[in-house]
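Student: If you want the building blocks of each chain, they are given just below.
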Amino acid sequence: MATKKDKDKKDISKHKNKNMIFGNFVIYIITIFEEIFKFGKADADRITQSSGLPTRLHQQLRKLGEKYGEKAVDAEFIAEEFGITTKEAKKIEKESLQDFFDVYGFIPKGNQKSFKPKKK
Amino acid sequence: MTPREINKGNMSRIALIGLYTTIGYRFALSHKLKELIGKLVEENLLTKYEFAKVKSEVLEIWIDTSPDVAELQVHKMSKTAKGKYLSFTFVMPYHKVMKVEAEWMGVFIDEFFSGLIQVLAPYQVPENEIITICEMVKKEVVGNETYIEKPSRDREFINQLIMKHKKEKV
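Residue numbers (numbering that gives the first Met the number 0), protein chains in the order written: chain V, 0 to 119; chain S, 0 to 169.
Among these hints, one or two may not hold up.
Calculated pairs, BS3-like style, for lysine-lysine (alpha carbon to alpha carbon, straight line, at most 30 Å) [stated by the list, open to error]:
no., chain 1, residue 1, chain 2, residue 2
1, V, K62, S, K47
2, S, K165, S, K137
3, S, K149, S, K47
4, V, K17, S, K168
5, V, K115, S, K163
6, S, K38, S, K83
7, V, K108, V, K86
8, V, K17, S, K166
9, V, K66, V, K119
10, V, K93, S, K165
11, S, K149, V, K93
12, V, K62, V, K119
13, S, K38, V, K89
14, S, K149, S, K163
15, S, K47, V, K37
16, S, K31, S, K47
17, V, K119, S, K163
18, S, K47, V, K93
FRET-style restraints, in silico, Cβ to Cβ [to be verified]:
no., chain 1, residue 1, chain 2, residue 2, range
19, V, D101, S, K98, 33 to 41 Å
20, V, P116, S, K98, 39 to 47 Å
21, V, E94, S, E42, 40 to 48 Å
22, V, K112, S, E34, 23 to 31 Å
23, S, S11, V, K118, 27 to 35 Å
24, V, K119, S, P121, 53 to 61 Å
25, S, E49, V, F105, 46 to 54 Å
26, S, M135, V, K119, 48 to 56 Å
27, S, A69, V, K108, 32 to 40 Å
28, V, K118, S, V68, 39 to 47 Å
29, S, Q117, V, Y67, 26 to 34 Å
30, V, E87, S, R152, 23 to 31 Å
With the C-beta cut set under 8 Å, the calculated list includes, among others, these residues of chain V facing chain S [claimed, not checked]:
no., residue
31, I28
32, E34
33, L60
34, F76
35, A78
36, I83
37, S95
38, D98
39, D101
Derived by calculation from the structure, the hints in this document are not laboratory data. Just so you know, these numbers come straight off a predicted model, no measurement behind them. Where is the CB? At the ideal position from N, CA and C, for every residue including glycine.
With the hints as constraints, model all of the structure from the sequences given.
Tutor: The following block contains the structure:
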């Protein structure tokens, strides 16, 4: 029977959800109709082999394409960070979101459920 | 017949998604240009030819670019679990497309359609029909600024953020 330790090991190899796991990350922005829709971070090690692109980002963009139009959605990487922890990657993502909030005064639609800004 | 059965073996849509993975390198394509390419490809190629052996409903093209690529690279992606998407990534040669800045859109369209010729070759779609559509698109968009992404507050913000991250790394 698999112990909790075994399960943790399996989890580490599959994803980097745990805050202290080291890895390579990219920070990206999704735009819809050329407007900023969402900031996110992706595990740069979990890629679709044939394309070299982050797997979960593909899935996310497909879903948005189905909702908003398959020619309306784009994404681009804005930062790459190698050998940092998940917690540090989250911090970079949050700082970018805070920068957005400071300039625009609102949160991008795609981050509204997960981000709480610091109001100045 | 359910909608799923009607769609089976009838690839009738194209998805065009920019996914730029080299920081600071992208093309200022408007969604209006992607709509135009999509409309012409769907009407003149995808719904005209049967693609009888293709179970996928959507021909999906991911557009990327790199300064380190000299010629267009076309990568076929593994099938999705449900096989809904027939997917390819086009890695565009950034410097080739942007060589003459004022003419980049015409070069981009040529590169895109040369990729489409490669993608549709196994399905007996005549090359000359794809080239005709390429010429139609170029005639409509080259020199027409409404097809280029307009300067915007969002674009300026993204560029500033990229610069900020670069500076922090140095």
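Student: Check the following: the C-beta atoms of S/Q117 and V/Y67 are separated by a distance inside 26 to 34 Å.
Tutor: Given a distance of about 28 Å, which is inside 26 to 34 Å, the answer is holds.
Student: Tell me if V/E34 is really an interface residue toward chain S, meaning its C-beta lies closer than 8 Å to one of theirs.
Tutor: Since the shortest Cβ distance to chain S is 5 Å, the answer is holds.
Student: Is it true that the CA of S/K31 sits at most 30 Å from the CA of S/K47?
Tutor: Roughly 23 Å separates the two Cα atoms, so the pair holds.
Student: Is the gap between the beta carbons of V/K118 and S/V68 within 39 to 47 Å?
Tutor: holds, 44 Å
Student: For the range 33 to 41 Å, tell me whether the beta carbons of V/D101 and S/K98 fit it or not.
Tutor: holds, 38 Å
Student: Starting from V/K62, check that the Cα of S/K47 is at most 30 Å away, please.
Tutor: holds, 27 Å
Student: Check whether the Cα positions of S/K47 and V/K37 lie no farther apart than 30 Å.
Tutor: Roughly 37 Å separates the two Cα atoms, so the pair is violated.
Student: So if I understand the rule, the pair passes when the alpha-carbon distance is 30 Å or less; does V/K115 with S/K163 pass?
Tutor: holds, 22 Å
Student: Using the beta carbons of V/E87 and S/R152, state whether their distance is inside 23 to 31 Å or not.
Tutor: holds, 29 Å
Student: Take a look at whether the Cβ-Cβ distance between V/E94 and S/E42 falls inside 40 to 48 Å.
Tutor: holds, 45 Å
Student: For the range 27 to 35 Å, tell me whether the beta carbons of S/S11 and V/K118 fit it or not.
Tutor: Violated - the Cβ-Cβ distance for S/S11 and V/K118, about 48 Å, lies outside 27 to 35 Å.
Student: Could you say whether the range 46 to 54 Å given as a hint is met by the Cβ separation of S/E49 and V/F105?
Tutor: holds, 48 Å
Hint violations for this structure: numbers 2, 3, 9, 12, 13, 15, 18, 23, 36 and 39, all remaining hints satisfied.
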